[in-house]
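Given these sequences and hints, build the entire structure.
As you go down the protein sequences, you meet chains B and H in turn. First residue of the first sequence? That's 1 in the numbering used here, and the numbers climb one at a time after it. First residue of the second sequence? That's 1 in the numbering used here, and the numbers climb one at a time after it.
Be aware that one or more of the hints could be misleading.
What the hints assert, rightly or not - Subject to a maximum C-alpha distance of 27 Å in a straight line, what follows is the list of computed DSS-like cross-link-like pairs (lysine-lysine):
1) H/Lys51 to B/Lys51
2) H/Lys122 to B/Lys122
3) H/Lys51 to B/Lys122
4) H/Lys122 to B/Lys51
5) H/Lys51 to H/Lys122
6) B/Lys51 to B/Lys122
Claimed, not checked - Away from chain H, derived, C-beta distances all over 10 Å, residues of chain B:
7) Lys51
8) Ile109
9) Gly188
Stated by the list, open to error - Pair by pair, the computed Cβ-Cβ distance ranges are:
10) H/Asp76 to B/Asp50: 26 to 36 Å
11) B/Ala31 to H/Gly7: 40 to 50 Å
12) B/Asp173 to H/Gly24: 42 to 52 Å
13) B/Pro75 to H/Ala180: 21 to 31 Å
14) B/Arg42 to H/Thr29: 21 to 31 Å
15) B/Pro75 to H/Leu21: 16 to 26 Å
16) B/Asp57 to H/Thr43: 38 to 48 Å
17) H/Ala184 to B/Ser102: 27 to 37 Å
18) B/Ser102 to H/Asp141: 15 to 25 Å
Since the hints were made in silico from the structure, they are not lab data. None of the values given here were measured: they were computed from a predicted structure. Here a beta-carbon is modelled for each residue, glycine too, at the ideal position from N, C-alpha and C.
Residue-level listing of the chains:
There are 2 protein chains.
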Amino acid sequence: MARWQPGAAERLQAAALELYLARGFEQTTVAEIAQRVGLTERTFFRHFADKREVLFDGQDRLEQAFLDGLAAAPPDAPPLAVVAAALTASADFFPDERRRWSAHRQAVISANPSLRERELLKLAGLAGTLSEALRARGVPDPTATLAAESGLTVFRVAFTQWIAEGERRSFADVQLAVLAELGAMAAGATAPA
Amino acid sequence: MARWQPGAAERLQAAALELYLARGFEQTTVAEIAQRVGLTERTFFRHFADKREVLFDGQDRLEQAFLDGLAAAPPDAPPLAVVAAALTASADFFPDERRRWSAHRQAVISANPSLRERELLKLAGLAGTLSEALRARGVPDPTATLAAESGLTVFRVAFTQWIAEGERRSFADVQLAVLAELGAMAAGATAPA
DNA sequence: GTCTATAGTGCGATAGAC
DNA sequence: GTCTATCGCACTATAGAC
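Okay, here's the thing in structure tokens:
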């Protein structure tokens with residue numbers, strides 16, 4: 001028999017989310033999380049940089065999905081269309097089966113300012129990656145940054161709606177609807193009478 | 001003579017920014033900041049919730065400026081135009097004399113992820129306030145959220161440009177240029193060929 | 001795997017302003 | 001007397017150093 005069970009990181013994540021949900025983020029100590037899966041505090045910090053980080057992984061894969069979708073867009077597509085392609089590619093990460101889990105995780109995050117901070121930093125990182133990729137395609141600043149940030153805004157708004165009570169549409173569908181709404185809003189403000 | 005000098009919070013802020021700039025945020029202890037202005041650690045935490053917060057105040061006044069500008073927009077203005085009015089009102093907070101100081105402060109923040117997190121939380125708070133105000137004007141979601149978030153994106157991009165080396169335009173001018181660029185980008189993506 | 005610095009909190013005491 | 005700013009001390013947990 002193995003000296004330690006495999007999947008330490010995954011077990012720590014599961015235990016952390018449970019405890020954060022049950023008694024709140026601040027009321028949960030790292031020692032408790034580690035103990036629950038038979039590990040030590042020290043081991044927790046070997047896997048995750050800090051107590052918050054345990055809720056934010058898989059970000060790399062989401063980022064890669066964005067980049068893949070972006071790369072698949074036609075070379076001459078306008079910036080916002082390129083971003084839309086990236087967003088579409090990300091929809092695979094949010095199948096209907098994941099909706100409940102996403103809602104739980106989001107509830108924990110939304111309830112704690114320090115977790116909100118970390119979430120915003122991660123999303124800002126995604127926006128930075130996207131705008132960087134746009135610049136690599138030849139889109140100049142500030143257009144690249146504006147397009148990337150707008151894309152992330154669509155992503156966030158769509159995600160919030162997707163996990164809302166009673167929402168039935170797929171993440172992809174919600175995202176398309178929000179994207180259309182963004183276009184309408186921008187057109188409404190710029191269209192001459 | 002008074003037992004304590006007035007303006008404790010202001011003195012703590014000044015000392016904190018100096019030390020953060022000189023030796024870095026993490027390398028500076030709260031005890032050092034407090035000692036430098038003749039106060040104790042405990043008093044620092046009476047004025048600021050945590051070590052980061054000392055760099056983020058006056059946020060309330062900026063928020064109020066946004067709201068005032070927003071309230072001054074005509075009732076039938078489209079959402080993004082209302083947001084533009086709020087942005088314009090905020091320009092008073094960034095006169096040319098403040099450009100250098102803003103750049104220094106931003107350098108400290110940008111150099112530290114934990115400060116970036118706090119900054120993003122504050123900006124998200126502003127966006128939340130704006131979208132709330134739009135909803136109060138009768139703008140439905142998700143348009144209200146999209147307009148508010150887009151406005152903050154413009155604000156952030158403009159601010160970054162305003163403090164960039166060699167930039168001479170006023171904050172108001174930069175912001176207008178970015179706003180126009182956002183309109184062009186949105187139009188470019190939605191306009192049929 | 002242990003040891004330690006530091007952030008941050010709770011409660012109480014003190015000293016001045018009014 | 002009340003109110004408020006400050007300080008002192010004990011304490012926990014995070015996070016990093018050794």
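Exercise for review: Note whether the CB distance of B/Arg42 and H/Thr29 lies within 21 to 31 Å or breaks it.
Suggested key: For B/Arg42 and H/Thr29 the Cβ distance comes to about 24 Å; the hint holds.
Review point. Is it true that the C-beta distance of B/Pro75 to H/Ala180 lies inside 21 to 31 Å, as the hint says?
Key: At roughly 26 Å between Cβ atoms, H/Ala180 and B/Pro75 fall inside 21 to 31 Å, so the hint holds.
Review point. Between B/Ser102 and H/Asp141, does the beta-carbon spacing fit 15 to 25 Å?
Key: Holds - the Cβ-Cβ distance for B/Ser102 and H/Asp141, about 19 Å, lies within 15 to 25 Å.
Point to revise | Assessment of proposed distance window 42 to 52 Å (beta carbons of B/Asp173, H/Gly24) | key: With Cβ atoms ~47 Å apart, the hint holds.
Practice item. For the range 38 to 48 Å, tell me whether the beta carbons of B/Asp57 and H/Thr43 fit it or not. Key: holds, 39 Å
Point to revise | Distance restraint between H/Lys51 and B/Lys122, which requires alpha-carbon spacing of 27 Å or less | key: Holds, at roughly 21 Å.
Check your understanding: Regarding the assertion that B/Ile109 does not contact chain H, is the least Cβ-Cβ distance greater than 10 Å?
Key -> holds, 12 Å
Check your understanding: Does the claim that B/Gly188 lies outside the interface with chain H hold up, using a Cβ gap greater than 10 Å?
Key -> B/Gly188 is in fact no farther than 10 Å from some Cβ atom of chain H, at 5 Å.
Exercise for review: Could you tell me whether the CB distance from B/Pro75 to H/Leu21 stays inside 16 to 26 Å?
Suggested key: Check failed, 44 Å falls outside 16 to 26 Å.
Check your understanding: Holds or violated: H/Lys122 with B/Lys122, Cα cutoff 27 Å?
Key -> Judged against 27 Å, a Cα distance of about 15 Å means the pair holds.
Check your understanding: For the pair supplied as a hint, B/Lys51 and B/Lys122, is the alpha-carbon distance within the 27 Å limit?
Key -> At roughly 15 Å apart (the allowed maximum being 27 Å), B/Lys122 and B/Lys51 satisfy the hint.
Practice item. Determine whether the non-interface label on B/Lys51 survives the test: each CB of chain H must be over 10 Å from its CB. Key: holds, 13 Å
Violated hints, listed in ascending order, are 9, 10, 15; each of the other numbered hints is respected by the structure.
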